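Protein chains: 2
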Amino acid sequence: MPVNLSAPEAQQLHPVKGLALGIAEAHIKKPNRKDLLVIKLSPGTKVAGVFTKNRFCAAPVILCKEHLAQSPARQEITALVVNTGNANAGTGEEGLHRAKQTCVALAELLDCEVGAILPFSTGVILEPLPVDRILAGLPQAVADLREDNWLRAAEAIMTTDIVAKGVSKQIFLGGQTITITGIAKGSGMIHPNMATMLGYIATDAAISQATLDDIIQYAVNRSFNCITVDGDTSTNDSLIIMATGQSGLAEITTDNTDYAVIRQAITEVAIQLAQAIVRDGEGATKFMTVKVEAGRDEAECRKVAYAISHSPLIKTAFFASDPNLGRILAAIGYAGIDDLDVNTLQLYLGDVLVAEHGGRAISYEEAQGVAVMKEPEITVRVVLNRGSAEATVWTCDFSYDYVKINADYRS
Amino acid sequence: MPVNLSAPEAQQLHPVKGLALGIAEAHIKKPNRKDLLVIKLSPGTKVAGVFTKNRFCAAPVILCKEHLAQSPARQEITALVVNTGNANAGTGEEGLHRAKQTCVALAELLDCEVGAILPFSTGVILEPLPVDRILAGLPQAVADLREDNWLRAAEAIMTTDIVAKGVSKQIFLGGQTITITGIAKGSGMIHPNMATMLGYIATDAAISQATLDDIIQYAVNRSFNCITVDGDTSTNDSLIIMATGQSGLAEITTDNTDYAVIRQAITEVAIQLAQAIVRDGEGATKFMTVKVEAGRDEAECRKVAYAISHSPLIKTAFFASDPNLGRILAAIGYAGIDDLDVNTLQLYLGDVLVAEHGGRAISYEEAQGVAVMKEPEITVRVVLNRGSAEATVWTCDFSYDYVKINADYRS
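Line by line, the protein sequences give chains A and B.
Quick note: the first sequence uses the working numbering, first residue 1, plus one each step.
Quick note: the second sequence uses the working numbering, first residue 1, plus one each step.
Everything labelled a hint here was simulated from the structure, so no lab data went into it.
Careful: at least some of the hints might be erroneous.
It does not matter which identical chain is meant; a pair holds if it fits inside one copy or across any two.
[Stated by the list, open to error] Derived DSSO-like pairs (lysine-lysine); straight-line CA-CA distance at most 27 Å:
1) Lys65 / Lys34
2) Lys34 / Lys100
3) Lys29 / Lys374
4) Lys100 / Lys65
Predicted model only: the values in this text are computed from it and were never measured.
Make a model of the complete structure from these sequences and hints.
Have a look at this one:
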């Protein structure tokens with residue numbers, strides 16, 4: 001079960017003025033489930049996106065990048081369309097054709113250019129997209145468009161997710177209430193650059209295109225690029241941030257004093273969504289924060305944090321609540337810092353110093369480690385003592401259920 | 001259960017003249033099991049070793065390197081001592097002291113220099129080595145020294161191994177029978193450079209020191225550095241090759257026509273031992289050969305082979321006999337070849353072409369993939385079509401039992 005995570009209430013997800021969401025049950029893979037989402041944007045909405053770096057990226061990812069590039073000011077994006085049940089990845093030319101068919105059909109329904117549609121797919125790879133079912137479902141989704149549909153939208157993009165993921169917050173700027181609401185999906189194949197995830201965050205603030213492009217990079221580097229479940233990088237990862245500009249507040253640019261505030265608020269929503277993905281990690285029973293401090297640069301801190309976060313040996317020991325800390329030392333040792341002096345670093349489990357001087361701390365008693373390991377949220381902290389850089393990665397443990405879920409996924 | 005692997009019969013492991021093995025039950029971690037091994041070498045035996053690159057390498061690894069370095073011709077190594085049940089890693093200064101105590105005690109028993117002893121440990125990390133039990137067990141092991149003790153020696157170095165691993169072959173050179181016999185242990189924490197493994201290979205051929213140093217690098221690069229179970233690199237990995245020179249055949253050097261023959265024979269023993277470790281991989285039900293061909297260089301072929309071999313998503317799908325081939329495409333895509341053109345590569349499962357032109361091959365039918373996946377030995381072949389280099393990695397699937405074994409290991 002997800003670690004300290006439950007689905008939001010519908011009323012907790014504040015509508016974002018100028019953005020409507022419509023859902024359909026299109027029977028893409030299974031009947032009687034929401035599996036198609038259309039997000040319609042009011043004219044002038046600014047849109048920014050970041051996408052998977054996987055070379056086998058999905059057909060919709062290719063089209064999204066094309067459509068965003070054709071629309072340099074990105075004010076001409078009219079709608080997004082998301083299907084679950086099929087990733088349309090590893091589908092070659094025919095896959096591209098079917099993704100484009102989806103865009104054409106939605107553009108006709110909404111009376112806009114084909115290039116004003118951004119398509120997204122998530123689900124099984126290497127299977128042909130059942131595009132006819134999507135086309136048949138689109139009118140139902142469009143008829144359903146409403147501003148207060150965020151929770152149902154979060155449910156419509158779930159695949160192996162147990163819990164729908166949505167986060168909303170409001171801030172006050174220049175006498176106005178600004179809303180930021182986001183939804184995401186993902187629970188396996190999670191790795192930075194990016195997780196197997198789809199994320200959509202919207203605000204009613206007006207934000208210049210260049211500023212939105214800055215904000216998305218800032219936010220993704222501190223959220224979705226800091227999580228891992230199993231080290232696999234998906235073919236379909238996409239994060240989109242949209243600013244409808246309907247709040248009445250003047251446009252925010254990087255020169256504006258509101259810039260840092262809105263950037264921070266969007267980043268916090270992104271972090272909560274990213275952590276929700278880990279909390280709902282396939283088979284997760286524990287939420288782990290791996291913090292590496294006092295490194296020479298962020299890159300080496302991330303190397304160590306990921307070596308720990310990816311190790312099946314460590315993740316299974318956390319599943320068993322077993323403070324088998326030697327496995328963490330081993331991971332630090334093979335993380336790839338060639339000149340690491342293992343005698344000068346400290347390893348903490350929670351607040352407990354467990355290792356220093358190349359071995360177990362004299363003060364450490366097994367009972368302390370056992371106590372920390374029983375908690376559902378555990379922090380592993382490594383102090384390298386060779387600089388002032390740091391990095392944090394969030395991950396989860398590795399249980400029988402991870403194997404079960406992934407061995408059964410297609411059946 | 002191990003995949004197509006059973007323990008050798010005692011008589012299949014030919015003695016190597018000039019090398020004796022003695023075993024004791026020293027109760028290092030548990031009673032009534034063989035857990036201490038002494039290997040005694042006749043004078044003049046040449047010894048070469050390669051060791052883990054983990055920065056947190058174990059105390060015995062540090063001592064082994066020191067003793068081999070102090071003995072440049074490496075003819076002065078008299079004996080090896082191996083304990084299971086405790087890795088003596090992450091144990092700081094005290095761990096080094098205890099490893100040295102072991103060497104001192106064995107040197108006294110065998111009347112040799114302390115630097116003529118090579119110590120090895122394997123088992124749990126970060127726990128103090130119970131050196132008193134080792135010292136108490138050494139006389140029993142020395143009293144047991146015999147040339148035909150290879151199988152019992154293989155049993156004595158097992159930890160989570162289900163099956164004892166030993167390989168022996170004989171070749172005929174210059175009218176003489178040359179014997180090569182080796183044993184190894186390891187089944188989890190298996191990753192290149194090197195696996196969590198201990199390996200000891202001996203021959204009665206006479207081989208010059210420089211030639212033996214060449215041979216060990218050649219052999220390890222084609223065997224133990226081509227396997228992975230879970231991507232973790234141990235603190236204790238060690239491979240030792242010994243040439244007693246007792247066969248009567250003249251010394252082999254790199255100029256000698258026998259050089260390629262003996263090198264190949266030793267490499268074959270190393271490959272069989274390395275594959276045995278994967279076949280006995282923790283929880284393994286399938287043996288996977290991942291072959292990447294027609295790459296620009298070996299490095300990029302290895303990147304792709306390891307991306308496939310490390311993916312928990314792929315390994316759980318193989319466990320389920322599910323030809324979820326999209327996961328393999330995804331791994332190829334994130335392997336790190338930035339300019340990879342996914343439209344020009346082919347993916348084969350066994351002999352079946354499953355993907356090309358960026359998607360599923362037109363000729364492919366699911367039933368073909370299912371048939372291949374039911375076999376206990378499966379080859380995944382990726383043809384990159386961008387050069388002439390290739391690389392092979394051997395790995396296993398990822399099952400419930402992997403989680404069970406590693407969640408329970410310390411209890």
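Query raised in the report: Which numbered conditions among the earlier hints are violated in the structure presented, ordered from lowest to highest?
Result: When the structure is compared with the hints, none of them turns out to be violated.
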